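Chemist: Please build the complex by placing chains C and G with the ligands on the supplied structure of chain P, with the hints as guidance.
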Amino acid sequence: MAKIGVFVCHCGENIASMVDTGTLVKAMSDHPGVAICNEYKYFCSDPGQETVKRAIREHNLTGVVVAACSPRMHETTFRKACAEAGLNPYMLELANIREQCSWVHSEKNQATSKAIEITRSLVEKVKRNNELKPISVPVTRRALVIGGGIAGIQAALDIAGAGREVVLVEREPSIGGHMSQLSETFPTLDCSQCILTPRMVEAIQHPKITVMTYSEVEEVEGYIGNFTAKIRKKARYVDMSKCTGCGDCIQKCPVKKIPSEFECGLGKRTAIYTPFAQAVPNVPVIDKSRCTYFKNGKCKICEKSCQIDAIDFEQQESVETFEFGAIVVATGFQIQDTSVYGEYGYGKYKDVITGLHFERLASASGPTAGKIQRPSDGKEPETVVFIQCAGSRDPSKGVKYCSKICCMYTAKHAMLYTHKHHGSNSKIFYMDIRAAGKGYDEFTRRAIEEDGADYLRGRVSKVFEENGKLIVRGVDTLLGKPVEVAADMVVLATAMTPQPDAKQFAKRIGIGYDEYGFYNEAHLKLRPVETAKAGIYLCGACQSPKDIPDSVAQASAAAAKVLGLFSREQLEREPVVAAVGETTCAGCWGCVYACPYNAIEKKDITDRNGNLIKQVASVNPGLCQGCGTCVTFCRSNSIDLAGFTEKQIFAEVMAL
Amino acid sequence: MSEPFEPKIVAFVCTYCTYAGADLAGTSRLKYAPNVRIVRLPCTGRISPMFILKALQKGADTVLVSGCHPGDCHFTAGNYHARRRWTVFRALLAFTGIPEERIRFSWVSAAEGAKFAEMINEITEQTRKLGPFTQYQELQKVIETQSTY
Amino acid sequence: MGIQEQYRSEAAALLSSGEVKLVIGFGEGSTADRRRPLFARTPEEAQKFVLDAACIANLSTYLVTEGLLSDGKKVAVFLKPDGIRSVNILISEAQLKPDQVVILGYAIDKAEITALEGRNISDFSLGEEIRSHTPPPHILQEAERIEEMNPAERFEFWKAHFSKCIKCYACRQVCPMCYCRRCIVDVNQPQWVSTSSHTLGNFEWNIVRAFHLAGRCAACGACDRACPVNIPLRLVNYRMGKEVIDAFDYCAGENSSQKPVLASFKQDDPETFIL
Ligand SMILES: Cc1cc2nc3c(=O)[nH]c(=O)nc-3n(C[C@H](O)[C@H](O)[C@H](O)COP(=O)(O)OP(=O)(O)OC[C@H]3O[C@@H](n4cnc5c(N)ncnc54)[C@H](O)[C@@H]3O)c2cc1C
Ligand code: SF4
Ligand code: SF4
Ligand code: SF4
Ligand code: SF4
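Residue numbers (this note's numbering), protein chains in the order written: chain P, 392 to 1047; chain C, 19 to 167; chain G, 6 to 280.
The following block holds chain P by itself, in its conformation from the complex:
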């Protein structure tokens, strides 16, 4: 027999002023199955909770309804109280007579009868609640970090620093990401390589971190605490265990004219190469598509030049499988292909370049050893025009959003240019200057006030060549006049965009993305580093355009989430999950298709001799998130959802 306790809260005056609680108590006391019904000023207070607990013990209650505020407010509070009094915490329902009744109505009789109906229907529901136990799933305390840019490196170091194992997967031959391409970094102008290289070295030397470069995550299965990932290691054709990084092979390789990706095509590389001098690991790879041996079957000069036989033309790619408890996605960004802007002449004029090119020109280790020389003839430009928002904030051709970093790096570029080439002239076309951040506004001011950067507010309509100069035509909207600048070089602050394969990759690992391909956080404000898929976290520019400080902060935040998860061996989860009635399941697999989390598997039912009798659906409680989509699909009513069972809802509706 059901013995339900109903506790009507006044919430001070919040409820009592609009709902006649006495009438509500009276109505509930008379309701079948209600063993006790009380009212009190604040049930969420300590004495209030004590009253509930005492009633549970004294009356041996089988269920509790607290008619008070929204369950989103105090469900946890009262669940705890129930548990402390020895009642299963899931034998509780909250009747929301505040947010959805007293606060929104102005006529006492109507509000009171509504409160009665709400409470009554939940009494009927709670009678049919089942005792539930939180689900505990084991946690594999090893993390997978995908992407070896600064964000990925930071996350890996933080997790490993706390003593947990990390596998860091980077698809390029070296870790470092875009930061390794930068010259100096705003807002402090410290050299990017100088602050990054120690981090890269620390990562590769860390006993708890396995760095897998030239590798890709092929497949991820499983759920929080229990992921399995297949990682494909591409063939490097160099034995990593032998190579000492002496670089003899690179010296000898006869194919020397390959445009270097790292140098954005401004420099050249060989067929066997490391992307840059400080590469980590400092082990070259052979670019199979360019190697003479792979193309013609003859050469192997590198093999001969290597003193320790580290070159291995027979090396095959391999796939390794690991178990992980958590995944951090840090796959970074790309810059937008600016050739869509025909008017800027990118791709047509050699001296119209992107900001990333400029970074390489300004970098001491770059193709010009840090001298700003224009690509066409190597001359030092006298006048450089920078065009901000070349793609950003332009819904028609580019992207709608602000790339956030371009105002800052353009100011940086103008400064670097003046520092390197006194008496130079930088003109910056901008729409707004967005320099919010610690030391950021000061930084842009410095560019203007100390380094003489000339900011022109307005859009550029056309860049064309005339008498060996690039004529930049635009409007100065502050003066309201057209302007023309004769420049020697034009630098476009191109938009930061997601990796070109971002969407496919997201599908592969099962996380969400926005219209552009930036990855979706679980909640923009309150859960910014989690994804909707439990156990997968985000950091860096794969989530939205970001600078280094933000990427690093987010990486540490993601690491903290991972470490929080790893602080326990078992993970406790809400038991609101689906379960299949195997006797009636017809094996139509509708639920399997419908489940948004692929939580339903096909299970063989065999007889005693192991012969297959039938296949039925089976919910993996670790994966199920409890939406109930499967339950609604099932025609034969063979699945039910704990906490919201068919019986419970039926009773709730019938009592309304």
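These aren't lab readings, by the way, just hints derived from the structure by calculation.
A couple of the hints might just be wrong.
What the hints assert, rightly or not - Below 27 Å or equal to it, Euclidean Cα-Cα: the simulated DSSO-like pairs (lysine-lysine) are:
1. P:LYS762 / P:LYS791
2. P:LYS898 / P:LYS916
3. C:LYS49 / P:LYS499
4. P:LYS1005 / G:LYS264
Stated by the list, open to error - With the Cβ distance kept under 8 Å, some of the chain G side facing chain P (calculated, not the full set):
5. GLU98
6. GLN100
7. PRO103
8. ALA116
9. TYR184
10. ASN193
Predicted model only: the values in this text are computed from it and were never measured.
The beta-carbon is built from N, C-alpha and C at its ideal position, and this holds for glycine as well.
Modeler: Using the frame of chain P, we list chains C and G with the ligands on its own:
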């Protein structure tokens, strides 16, 4: 004269969006018609057509079904599945003689407290104009009188 | 050789070679215009098969008899295009394995019977034919007439019909798609559908069944023919089929690899009715 008609509206809502939106209407102290009774479910994907049918039989004059906007589902896709079911179920009820105005569907996010309040007012008013939904209720009465034998 | 003789001998050959364990076809019925299903397990029994314009039943429903195909052996069955369509649906819902069914296909055009080519489900492509399929003119006219009614008239129309239902479940029994081991009407905890046959409960039952068949009905008309009180079940099934084509561009049984229409979605599915 019998009592004036007070419509009864039963709303099936998901806890993450519309329920939270209704809570927000409360915390913002927006006033709306007291005629709605809310049944909280984890997701629109859990809202079975059977619930709607039963509510109509048990005296609901209008049923409201509401959840997260497309793309916002807490469970990523529950609302897309729900939308398909509603499309079909709605056509079925219409074909068997239930006026379309008796079953209403909406997306109300956790931030749309005002939308929720306005919508309840509008639905209540509309239901008042339509009058009680007698078709199922009368058949239900027949059963109840029969079973008293 | 007429098609009847041709299929008799083919059925006999399938049985004697051991390729199939059973052939499901038609035998003589109580009157000349009635046929009953005939289950032949020997070549001799296969000689009793009849195939003529009275063979309108959808025999695919026997394929989902519990346990029939669990030994992995094959069964041959006489099927019209609507039966082939049901087989597609049953395969896509994992109730049949494509290689376990040998199809002896035929079509009826007025009194004319023609054999259909192909024996395996993959030999038949129904796409266009069933998409453009329209129910018999009297059904179509009736459906249009109902659409034109106002809701109250529609309700009266169905009330008149559903009040006759005796909950015999013949409609469910003959339908190949009603293969559930336990139908929702047999669930009594909770009792979503009342068991006694009062009008409201009959509404419930018929609405639930129509909803369960939405996007799955092969339009064979078996339920309609089976109903002892002549409820025009085809009308509502037709309306549901039309809805899924119009709204989701989904035509049940077009092929055997469809995902169930109500277990899939497109992000841009129509939603004009949602506030
Ligand atoms: C021109 C320019 C100048 C800039 N200047 C500054 C500055 O001065 N100061 C500042 O704070 N910020 C600056 N930034 C921003 C800075 O580059 C980024 O904030 C930072 O690089 C983001 O780091 P990340 O790790 O998120 O991404 P990335 O640096 O892009 O690293 C991502 C890594 O993931 C790898 N990866 C991608 N997909 C996969 C995959 N599927 N599997 C495995 N690995 C994968 C990539 O190869 C890459 O190594 C500048 C950016 C640009 C374009
Ligand atoms: S939908 Fe129901 S009958 Fe079909 S497989 Fe799932 S549980 Fe089984
Ligand atoms: S309740 Fe939702 S998440 Fe769980 S198995 Fe069913 S459809 Fe999947
Ligand atoms: S519902 Fe009727 S017409 Fe449709 S497949 Fe079943 S028996 Fe045939
Ligand atoms: S066959 Fe006709 S009478 Fe029998 S249950 Fe179906 S609709 Fe009702």
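Chemist: Now tell me if each hint is right for this structure.
Modeler: We went through each hint and held it up to the structure:
1. As the CA atoms of P:LYS762 and P:LYS791 are separated by approximately 35 Å, the hinted pair breaks the 27 Å bound.
2. Between the alpha carbons of P:LYS898 and P:LYS916 the distance comes to roughly 24 Å, so the proposed pair stays at or under 27 Å and holds.
3. Of the supplied pair hints, the one linking C:LYS49 and P:LYS499 holds, its CA atoms being roughly 13 Å apart against a limit of 27 Å.
4. A hinted pair counts as satisfied when its Cα atoms are at most 27 Å apart, and P:LYS1005 with G:LYS264 qualifies at roughly 21 Å.
5. Against a cut-off of 8 Å between C-beta atoms, the interface hint on G:GLU98 holds, since the closest Cβ of chain P lies about 4 Å away.
6. At its closest, the beta carbon of G:GLN100 sits 7 Å from a beta carbon of chain P; the interface hint therefore holds under the 8 Å criterion.
7. The beta carbon of G:PRO103 comes no nearer than 15 Å to any beta carbon in chain P, farther than 8 Å, and the hint placing it at the interface is violated.
8. For G:ALA116, the shortest C-beta to C-beta distance to chain P is roughly 38 Å, which exceeds 8 Å, and the interface hint is violated.
9. Look at G:TYR184: its Cβ gets to within about 6 Å of chain P, closer than 8 Å, so that hint holds up.
10. At its closest, the beta carbon of G:ASN193 sits 11 Å from a beta carbon of chain P; the interface hint therefore is violated under the 8 Å criterion.
Checked against the numbered hints given earlier, this structure breaks hints 1, 7, 8, 10; the rest are met.
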